[in-house]
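Colleague: Here is how the chains run, residue by residue.
Protein chains: 2
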Amino acid sequence: MNEPSGLTIRPATEADLPAIVAMLADDPLGATRESPDDLAPYARALKRLTEDPHQHVVVAVRGERVVGTLQLTFVPGLSRRGSTRSIIEGVRIHADERGSGLGTRFIEWAVDRSREENCQLVQLTSDVSRTDAHRFYERLGFTPSHVGFKLQL
Amino acid sequence: MNEPSGLTIRPATEADLPAIVAMLADDPLGATRESPDDLAPYARALKRLTEDPHQHVVVAVRGERVVGTLQLTFVPGLSRRGSTRSIIEGVRIHADERGSGLGTRFIEWAVDRSREENCQLVQLTSDVSRTDAHRFYERLGFTPSHVGFKLQL
Numbered sequence: 001m002n003e004p005s006g007l008t009i010r011p012a013t014e015a016d017l018p019a020i021v022a023m024l025a026d027d028p029l030g031a032t033r034e035s036p037d038d039l040a041p042y043a044r045a046l047k048r049l050t051e052d053p054h055q056h057v058v059v060a061v062r063g064e065r066v067v068g069t070l071q072l073t074f075v076p077g078l079s080r081r082g083s084t085r086s087i088i089e090g091v092r093i094h095a096d097e098r099g100s101g102l103g104t105r106f107i108e109w110a111v112d113r114s115r116e117e118n119c120q121l122v123q124l125t126s127d128v129s130r131t132d133a134h135r136f137y138e139r140l141g142f143t144p145s146h147v148g149f150k151l152q153l
Numbered sequence: 001m002n003e004p005s006g007l008t009i010r011p012a013t014e015a016d017l018p019a020i021v022a023m024l025a026d027d028p029l030g031a032t033r034e035s036p037d038d039l040a041p042y043a044r045a046l047k048r049l050t051e052d053p054h055q056h057v058v059v060a061v062r063g064e065r066v067v068g069t070l071q072l073t074f075v076p077g078l079s080r081r082g083s084t085r086s087i088i089e090g091v092r093i094h095a096d097e098r099g100s101g102l103g104t105r106f107i108e109w110a111v112d113r114s115r116e117e118n119c120q121l122v123q124l125t126s127d128v129s130r131t132d133a134h135r136f137y138e139r140l141g142f143t144p145s146h147v148g149f150k151l152q153l
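Going down the list, the protein sequences come from chains A and B.
Per this note's numbering, residue 1 is the first one in the first sequence, and the count goes up by one each step.
Per this note's numbering, residue 1 is the first one in the second sequence, and the count goes up by one each step.
Think of the hints as simulated: they come from the structure by calculation, not from any bench.
Heads up, some of the hints might be wrong.
If several chains are the same, the list does not tell them apart, and a pair holds so long as it fits within one copy or across any two.
Claimed, not checked - Subject to a maximum C-alpha distance of 20 Å in a straight line, what follows is the list of computed EDC-like cross-link-like pairs (lysine to aspartate or glutamate):
hint: 1; residue 1: Lys150; residue 2: Glu116
hint: 2; residue 1: Lys150; residue 2: Glu51
hint: 3; residue 1: Lys47; residue 2: Asp16
hint: 4; residue 1: Lys150; residue 2: Asp127
hint: 5; residue 1: Lys150; residue 2: Glu89
hint: 6; residue 1: Lys47; residue 2: Asp127
hint: 7; residue 1: Lys47; residue 2: Glu117
hint: 8; residue 1: Lys150; residue 2: Asp37
hint: 9; residue 1: Lys47; residue 2: Asp112
hint: 10; residue 1: Lys47; residue 2: Asp37
hint: 11; residue 1: Lys150; residue 2: Glu108
hint: 12; residue 1: Lys47; residue 2: Glu138
hint: 13; residue 1: Lys150; residue 2: Asp112
Generate the whole structure from the sequences, applying the supplied hints.
Modeller: Structure follows, in structure tokens:
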């Protein structure tokens, strides 16, 4: 998808992994859980993601530079009359691009893709500490209607 | 999976749909969004779910009777060093079985299956109004660390 601003949103490839993992790690929470010096586990995961038609790992590219990434997952279900929902995970925007409107365009892209797949619901969870992100999602029309529970295994 | 209590947890089939949809609708939130008199959309959704190796819609059966349902989804990802997480959705326990320990066994089953799939994280969201459910998940070790955002399309 080509944007008038010179922004392209396209599927991530293995060549994008150094930039993607650098963004995952350049984050107060991600810093402790990523390994930018060892890309092998990310390459294995990207291969599995690329083979799965319900998974869409994308990058936002400006010029030649990867400036954002997110993962959009389509999840069919029985509830709500057999509706499909989408889940947005792993949203990262390059530090240089924060405040540029890229985050808004990126989430709008994910919402548009979800509509195209006939999803009735888009959902995401955000760590309670990310209060700026919460205001951002509320501005985009998301409702903080749920508590997100996690269990580390 | 056979439990000593006479409980079996197994994949849902089309024959289970009347019981499953009745449980989805027998709920303060579900009552307004389900259609137990029209099973066709549920049958279509179950077919898609059954064909997807990352989706596991299961029922808990006691004797011949379906007494619970949940959906377990395995979601590979790039973050956390390419880790896979599982998502639990659509948990319903028959009204007659509430307080029987079935909910606990059911979530423990989902956590065990997630471990078998090498998931590093199990997650779920629960409507902010379901405060009893929140205490239940916290007792099982889940942390309410996230805000769950939804956007209806």
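Colleague: Could you work out which earlier hints the structure fails to respect and list their numbers in ascending sequence?
Modeller: 2, 6, 8, 9, 12
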